[in-house]
Structures are given as structure tokens and as C-alpha cells.
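There are 2 protein chains.
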Amino acid sequence: PLGLLLVGFYQVESGNVLVIPGEFSHWHNMRVIVEELVERNHSVTVLVSTASNTVKYAKEEGFKFQFFSVSREEHEFSAMWDEMTDIWVQFKNSTILHTVSRVIDLMKNVSAFEICEAMIKNETVMGTLRQSKFDVVLYDPFTPCGDLLADMLNVPLIVVMKMFFGYALERICGQMPSTPSYTPTHPVRFSDRMNFPERVQNFLQHVMLTTIFYTLTHVQLNPLYKPITFCDSIGKAEIWLMRSYWNWDYPRPFPPNFVFIGGYHCKPPKPLPKDMEDFVQSSGDDGIVIFSLGSIYKNQNLEMSNKFASALGKIPQKVLWALRGEKPETLAPNTRIYDWIPQKDLLGHPKTKAFISHGGSNGIFEAIYHGVPLVGIPLFVDQFENILFMKNKGAAVMLDFFKMEVEDLVEALDTVINNPSYKKNMMRISELHHDQPTKPLDRALFWIEFVMRNKGAKHLRVQAHNLTWYQYYCLDVAVFLLAVVGLFVFLMVKTCCFCIRMCCWRTRRKNKTE
Amino acid sequence: PLGLLLVGFYQVESGNVLVIPGEFSHWHNMRVIVEELVERNHSVTVLVSTASNTVKYAKEEGFKFQFFSVSREEHEFSAMWDEMTDIWVQFKNSTILHTVSRVIDLMKNVSAFEICEAMIKNETVMGTLRQSKFDVVLYDPFTPCGDLLADMLNVPLIVVMKMFFGYALERICGQMPSTPSYTPTHPVRFSDRMNFPERVQNFLQHVMLTTIFYTLTHVQLNPLYKPITFCDSIGKAEIWLMRSYWNWDYPRPFPPNFVFIGGYHCKPPKPLPKDMEDFVQSSGDDGIVIFSLGSIYKNQNLEMSNKFASALGKIPQKVLWALRGEKPETLAPNTRIYDWIPQKDLLGHPKTKAFISHGGSNGIFEAIYHGVPLVGIPLFVDQFENILFMKNKGAAVMLDFFKMEVEDLVEALDTVINNPSYKKNMMRISELHHDQPTKPLDRALFWIEFVMRNKGAKHLRVQAHNLTWYQYYCLDVAVFLLAVVGLFVFLMVKTCCFCIRMCCWRTRRKNKTE
Numbered sequence: 001p002l003g004l005l006l007v008g009f010y011q012v013e014s015g016n017v018l019v020i021p022g023e024f025s026h027w028h029n030m031r032v033i034v035e036e037l038v039e040r041n042h043s044v045t046v047l048v049s050t051a052s053n054t055v056k057y058a059k060e061e062g063f064k065f066q067f068f069s070v071s072r073e074e075h076e077f078s079a080m081w082d083e084m085t086d087i088w089v090q091f092k093n094s095t096i097l098h099t100v101s102r103v104i105d106l107m108k109n110v111s112a113f114e115i116c117e118a119m120i121k122n123e124t125v126m127g128t129l130r131q132s133k134f135d136v137v138l139y140d141p142f143t144p145c146g147d148l149l150a151d152m153l154n155v156p157l158i159v160v161m162k163m164f165f166g167y168a169l170e171r172i173c174g175q176m177p178s179t180p181s182y183t184p185t186h187p188v189r190f191s192d193r194m195n196f197p198e199r200v201q202n203f204l205q206h207v208m209l210t211t212i213f214y215t216l217t218h219v220q221l222n223p224l225y226k227p228i229t230f231c232d233s234i235g236k237a238e239i240w241l242m243r244s245y246w247n248w249d250y251p252r253p254f255p256p257n258f259v260f261i262g263g264y265h266c267k268p269p270k271p272l273p274k275d276m277e278d279f280v281q282s283s284g285d286d287g288i289v290i291f292s293l294g295s296i297y298k299n300q301n302l303e304m305s306n307k308f309a310s311a312l313g314k315i316p317q318k319v320l321w322a323l324r325g326e327k328p329e330t331l332a333p334n335t336r337i338y339d340w341i342p343q344k345d346l347l348g349h350p351k352t353k354a355f356i357s358h359g360g361s362n363g364i365f366e367a368i369y370h371g372v373p374l375v376g377i378p379l380f381v382d383q384f385e386n387i388l389f390m391k392n393k394g395a396a397v398m399l400d401f402f403k404m405e406v407e408d409l410v411e412a413l414d415t416v417i418n419n420p421s422y423k424k425n426m427m428r429i430s431e432l433h434h435d436q437p438t439k440p441l442d443r444a445l446f447w448i449e450f451v452m453r454n455k456g457a458k459h460l461r462v463q464a465h466n467l468t469w470y471q472y473y474c475l476d477v478a479v480f481l482l483a484v485v486g487l488f489v490f491l492m493v494k495t496c497c498f499c500i501r502m503c504c505w506r507t508r509r510k511n512k513t514e
Numbered sequence: 001p002l003g004l005l006l007v008g009f010y011q012v013e014s015g016n017v018l019v020i021p022g023e024f025s026h027w028h029n030m031r032v033i034v035e036e037l038v039e040r041n042h043s044v045t046v047l048v049s050t051a052s053n054t055v056k057y058a059k060e061e062g063f064k065f066q067f068f069s070v071s072r073e074e075h076e077f078s079a080m081w082d083e084m085t086d087i088w089v090q091f092k093n094s095t096i097l098h099t100v101s102r103v104i105d106l107m108k109n110v111s112a113f114e115i116c117e118a119m120i121k122n123e124t125v126m127g128t129l130r131q132s133k134f135d136v137v138l139y140d141p142f143t144p145c146g147d148l149l150a151d152m153l154n155v156p157l158i159v160v161m162k163m164f165f166g167y168a169l170e171r172i173c174g175q176m177p178s179t180p181s182y183t184p185t186h187p188v189r190f191s192d193r194m195n196f197p198e199r200v201q202n203f204l205q206h207v208m209l210t211t212i213f214y215t216l217t218h219v220q221l222n223p224l225y226k227p228i229t230f231c232d233s234i235g236k237a238e239i240w241l242m243r244s245y246w247n248w249d250y251p252r253p254f255p256p257n258f259v260f261i262g263g264y265h266c267k268p269p270k271p272l273p274k275d276m277e278d279f280v281q282s283s284g285d286d287g288i289v290i291f292s293l294g295s296i297y298k299n300q301n302l303e304m305s306n307k308f309a310s311a312l313g314k315i316p317q318k319v320l321w322a323l324r325g326e327k328p329e330t331l332a333p334n335t336r337i338y339d340w341i342p343q344k345d346l347l348g349h350p351k352t353k354a355f356i357s358h359g360g361s362n363g364i365f366e367a368i369y370h371g372v373p374l375v376g377i378p379l380f381v382d383q384f385e386n387i388l389f390m391k392n393k394g395a396a397v398m399l400d401f402f403k404m405e406v407e408d409l410v411e412a413l414d415t416v417i418n419n420p421s422y423k424k425n426m427m428r429i430s431e432l433h434h435d436q437p438t439k440p441l442d443r444a445l446f447w448i449e450f451v452m453r454n455k456g457a458k459h460l461r462v463q464a465h466n467l468t469w470y471q472y473y474c475l476d477v478a479v480f481l482l483a484v485v486g487l488f489v490f491l492m493v494k495t496c497c498f499c500i501r502m503c504c505w506r507t508r509r510k511n512k513t514e
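Respectively, the protein sequence lines represent chains A and B.
For the first sequence, position 355 matches number 355 in the numbering used here, and the numbering has no gaps at all.
For the second sequence, position 456 matches number 456 in the numbering used here, and the numbering has no gaps at all.
Quick caveat, the hints were computed from the structure, so don't treat them as lab data.
Copies of the same chain look alike in the list, so a pair counts if it fits in one copy or across any two.
Below, in silico cross-link-like pairs of lysine-lysine (DSS-like), each with a Cα-Cα straight-line distance of 30 Å or less:
1) K56 - K327
2) K162 - K439
3) K236 - K424
4) K108 - K236
5) K455 - K393
6) K226 - K236
Hey, can you work out the whole structure from these sequences and the hints?
Quick look at the structure:
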């Protein structure tokens, strides 16, 4: 199905791509790659569950869906995500024990095992996929088992992800070296310059995450992957497209098959809808503030929403707030609430002064792309470290969702808007984003097409993948060398003893004879 | 002196570059970067010693030289290189003790210290360089102390190199992780797939090279660098431009400021001089063979040269042989000897069937660029591993300079020319070279201009540079944690003992009372 693709002296024809995306923001950015693949004349099939929350609602423009049935309904998954958000945003009003038991219930309720089996044990779907003879599988590990599917179809695999479990996946299965002495691990509370107590804590977190990762994969995934393991399978990935870049991540070494494409989804802004543009223009010289806590947050905490609304009423800027659910009572006239906002285009608007964000990576990269300083109110997972990085670089003020008072938000907005250092620092990060040898999206597409052209990228794959952990750390070699040295010392000592005994014996005999 | 350079929304103006090149092949490839810098309107100054063997003979086209005097004459250095070549190519006829003593004499005779002092303690030269206000220093570590000079001038440093001392420099000073379990070290006799005995040997070589590297830099260089060390100084490099790429190197992880530009000096072929083209065309369908043992080899071993000539007389191809010095007596009519050949253009000629090479990296990359299979006759240093890699990939036959007989060369040429697998494998490596997201030379220039634009590339620099070795390996953390655990166990035991004693005492007292 694959002809040749144009690069240098190669000719163009279309390849055949299977995409296994994640949901929510994961789909929003995978979608950008899908669109670009379609644009470049490739045939794209998106594999999606019948209970999908976001992916299946996309218009099939230039690509097609392949559905697989799961025994659950969409609303059950939807309820699961809501429940997860609830657990986090109501964390403060709950005891730790209660929170932990809710998380465990949630995990019991929907296991990776179940989705996985629904996908790979569906003979009809697998038959159709086999017949399609794909050239490459693009896979976001948000959805389990895509790597196993690629392996079963015998198609080269490309992983698309940002970070998984404090780099545990990339480190353990992808052979990315990650040394806890200078690579802050999840949950990150430090930068890459750590003092001694911080390094102790980071080291312990590193050990803990590694243990949890091994336990979870061993219990949840490995039984499905028999006779190999999850790590063996995903470790076969030809290329790791990482949604990260060094203007917004701590530099660390990586194998040659890691390609950093952070911010590839960003594009120059399109014009706003007429009424929105009018509202934005009405802000005059004060400009506007954009506020969004991400697509998962649905106003689960009304008390907080009222605080936000009160604070926003006190600033001179106009505010565009993406919020689904109930309207806050304290909403001021300068603030408009929308179910959905064209966030990328708003961030690129010249009147935009600041962005209040939960710290999702898509939004942060869009703010970086357009150089808009941040007020960060992280909710969960990697959002804390996302905001922390920007705070450490002097491009964001970070607020605590649970402890935040009205005045804190007013002050934070005043700081990032009126203290020029925030804009300047954000512009510096933005310049680094735009100053790369190739554009991130072109880089992603190049390597996807490379894998299709060359049926893989084996020349970029480190041999560490074929070593056991004790071979990797040369422990077998060390034991052998110590044994050799030990044996040598033992023989030396024995020989010396023997010689001394012989001498003594002779001397005694001589003495006796005398 | 630096305006802004065009990339994306940046404007163009010219930067000011100081180049500290190496001699011989090192200069030949640095020269390509110099030419491209000139082409792009940058002002280039090449720093060179008055006793330079090759650099100072270049025509100052678009760039200028800055000389510094050394107390030696050019012929002394020239004699040193000849002596070094002699030591290697006559190695077989000499005892090991004699060889080692010759190497030690050579090292005593010309110390890095001497060249270094001549460069940085020359106040006139340093004054001129300071006034020039350079934007970047391009430095090949073949010449000592360029990094120290950049530091003294307070100008960002870019290192241009292939490999130094079995990756010891990159590993120890550049923070490139290099694990002996899958990274073959110098002198390489294996690939990156090693069995147990090979890993033992590789591990020992790794330890040995590390020790020698520390000793040599400590004795030869560190005294000059006081109060910092050589590693501190060269470790400040913003970018490491490595003359290597994964089509011709074993993949391994690297920090984000390492950029692999191997083969950047290769270009499409230019037409040959008329008489040479006539000779090439006279070969008919048999085609031609190109033969060069590099610019340092000057026919030091006449016996071998006669063997070469006899062998070349027995093949149907026409041969172009780059050889200085005495002509071999056994030269056949199909072979022409030249003082100098346009090697790049000849390798790109459609009639070229094979390349007999000593395995210098420039020549190998040219052969890769044009897809010409190799007969490798390595002489010294990295040439063995260069050829070994190509042999392992099935693109070269390797011969032993000292054990080679006439028939071996005839057979080797017959194999690489008439067994199609050699051409096919070489073409595969060649395709990987041409199938990159950007051209290697553009990549090099991008990062040089990036460093000029941004006064460095700090965002690509791993924090490992700021850690001591025991911090890097978390040894201080481990000791601390062990101490805590130890103290805890000690206190537990003591407490238990105390409790038991208390219990016993009470029981005894009770018993007594009873």
C-alpha cells in the first residue's frame, strides 16, 4: 500500500496509517497530526471504542473510523472522568482515606485489561485491520494495548506522548536515561537544580515510581502480553514522538529515536467569530484575559467558581471564560462565559494580556507559541509541574486551587499583566520555540513518513533494548571480574602459605638433622 | 557586532566567528563550515600557528587568518606527524618496547602545554582577538586550549569533533551517557551487540580509557586551566557538533546540545579535470577503483606499496591512486599515481566501482554519500573501528596492512565489485544519509547561527554539568539513606533490648517479692 514519499530524491505516493488516539486533549492534539497526514495524501484510519467520549464525535474529514465495541456505555466512561475530576477538585473537603478508596474503586471499575481485550480479541475488527495492510501505527499510550495491536498486525509502531508516570515508561521501556540526581521526577516540586534534601526526596520518588510502575504493569498488563511483557512490546516502537521541547522541559539525554515535537499543534491565529471579536475590541487598551480550566473541568466546585467570578469582576480587562455547567452568581459585566472558546485563536489575539490556565500541556504550548504570560491554577497530574516550570522561568504566577482567595487572583493577574518581566520571560521562551531547525509538526511528519518509507528506523534503536537490567548495568561483568580477582588473591595466599610452610618444614628438618 | 539572523521572523545581518581548526583532514572538513559561513555573510577569522602544516596554506577567500607564533618550525611538526605515521605503519617490524618508547619520546617532544601557552599567553594576539568581539568560537579539540581561549575572551564556544579517546571526552566532559554494556569503546573490535566475553573486554577498556583520560588531562592540561579544569572548561561548550551520524555509528543516548552532522562536507560531484576524465572513460564497462591511504601516509612502507601496485595490476578496472613519495616498481599500466586526487568528485563519478581506503572518516562519509563499497586497510587510531562498522554492515572488506598479500587485495576488490550485496548494503547506508529531516551542513550552520543569535544555548544544557561525580550517581544520597536506616535499626534494637531488660527486671523483682 505504500508508494514512495517525497524527500530529496524520493517520489510521492500515499501511505496507510492506523491511528490509536487518546480522548479529550490527547485527541485534540493527535487530530492535528491526522489532519496533516490527510493533507499529505495519506490514508488514515482512526481506531476508536464505541463508548468514546470525544474522538468518535469528530467529523470524518478525509479519514475514516474503525470502531470496536466495548461492553460499557459512553456515559459510564464519562461518569468515570467526571468522578476522577471530582476526586481531585474536592480533595480538600475529603479525608485522605476517603480519596484513596474512591481512586481504588475507580480503577477497579474500569480496567485496562477490559478495553484491551475488547480491542484485540474482536476477530472481525482484527480481520479488517489485517486486510488494510497498514504501513505504520500511531499510538497514544493513553489508550491501552495499541502497541500490542501493532505487534499482532506486524506493523511498525510510533508512540506519541508527553510523559508517562514521571518518565518511568520512557526510561524503563524506551531506554531514555533518566538520572534522579538532575532529572526531577513526578510529582515534580523542584527544578533540575536540586539541593541535597531535594535530591533525597527526588531519589525516593524515583524509586517509588519505578516500583509502582513495575507492579502496575505486572498486574494489569503483562498477563495480556504473554509470553512477552508490556515493556518488550512498547519498547519495539521505532520512534517516540514526545510532546515536549527544551524551552519547556528540563534538558536530559535521550536515545536517537526520541523526537521532541512539543507545541506542534500550534498555528497562527484565525479570525474570531464576529460577536467575540466585538467583545474583545470593546476592552480598549486594557485588553483581555482568557480563562479555562480544561475540557474535563465542568464547574464541579461552585464555591470556587464564585470566587473566580468575584475576582475577575475586579480587574479592568475584559474576560472570556470557558465554563460548562452552572453560571456563577457573582459574575461581573466584564466577564463572558462560553461553553467553548477558540482558545488558540484568542491566545494569538493582539489584545490578549494573560491566560488563566489549569496547566494542561496543550494550553501552555499555545501560550508559549503566542508569548502570553500565565496565571496557573493546576488541578491534577502533570499540571503542577507544568505550571511550576513556567513559574521558575518567571513567566507565570501559580495559585493553589484550594487555598486561593479572591484577592490572590486579582493580585496574580495584576502582576503578570503589569510587571513587564513576565511578558519578557514568556517572549524569551516563545522565541526558543520558534527558533528551531525545523517546525515541530514537520519533524513529526518527517519521521512518520520515514518509518513508512523505510519500514522502521532500526538504525536509531539503542542495543540496550536487548539487554537484561543486570547486563545493562554490567553487574554480571562486575561479579565475574570480582570472582577472578578473588580467585587470584585466594591462590596467591594459598601459594604463599604453602611456600612458608615448606620453608618452615625444611628449616625444622635441618635443625633436627643438625 | 552581531545583528539578527534570518530564521522565521528574524532579520539577517552578519556575525563574527573565530575558528580554531585542526590540521590535515580536520582542517579539510572545518574548511567546509568556514566556506558556508562566508557564503552566509559572516565574518570569519581562523586562528592558526606559524608552524601550521596545512591550515596556513589555504587561500584566504572571504576569511582572514590570525597567526600566533610558536617556538618550533613547521618542519618539526611535519616530522612529528611523519614519525607518528612511521611508528604505526612499521609497527610490525618493531618490538613493542621500541614502539612504546618512540611514542613516549614523541609526546615528550611536543607537549600540548607548549602550543597552548604560545596561543593564550601572547598578549598581542589576545589583545587583537579581544578587540574583535567575536560572537562565537568554533573549536576542533585536535588543537589544544581553544576552549580556554574562548573562556578568556568570554565568547560562547561550539565544539566540532568526531570522537575523542573512545568517547571519554564527550562522556566525561560533555555528559553524554555511554554505558559500556552496549556502547563499544576504543579500540573497538566489536559491534554494539556484544556477548559476555566481549562485554568484559569492553568494560575493562572503558575503565582503562577513563583512567588514562583523567591522568593525561590532569598532568598535561589541568595546570594550564587552574583554578578550573580542562573538563570544566570544554564542558561549557554550548553545542557539540559531532561529525557522526547513526547510519555510521552505534546509536546511543546524547544530551540535547549534541548535534550529529556526520558527512556534512559531502557535496554533489564537480566535473573532473580533462585528462583525468579521459582516463576514467577509458575504463569502459569495468569502471574505476579509487585508492587513497589519507593525507598523512607518504609511502613510508615501500614493500607494501609494491604489493599494492602488483595487486592493482591484476584487476580489469582502471585505478586512480593518491600517493606521494617514491613510485612503486611494480606499477601496472591500468594504474595512475597522483600527488592529489579530487576524491569527492571521483567517488561521485558513475564509473566508480570501489574505494580502497585507510578508513579516515571524511573518506568513508564521501563513499557513503555516493554509495561506493569499500576495501578498508586501516592504519591507526579510529580507522579500524571505522572500517569494522562498514564490514559489519556488509558494505566493506577489511584487510590487515601488515599481513596482507597481493592475492588478498585482488580477491577483496573482486568481492566488493562483483558481489552485488556490497553495493546494495552501501546504498542502504547511503539512503539513510540522504533521508534526514535537514541536511547535516544546514543543521551545523543553524546551530552556529543560533548560538550567535541567542548568545548561547543554555536551554539545551543538562544540569549534570553542575554535579560532582558522587552527586551525579546519587552516592551521597545513598550514604545518607543507609545511615538513616542504620540509625533507625540501631535505635529499634536498643529500644527492644531495653524493653526486654525492663520486663526481665520486673519479672525478677516480682519473683523475688513473691
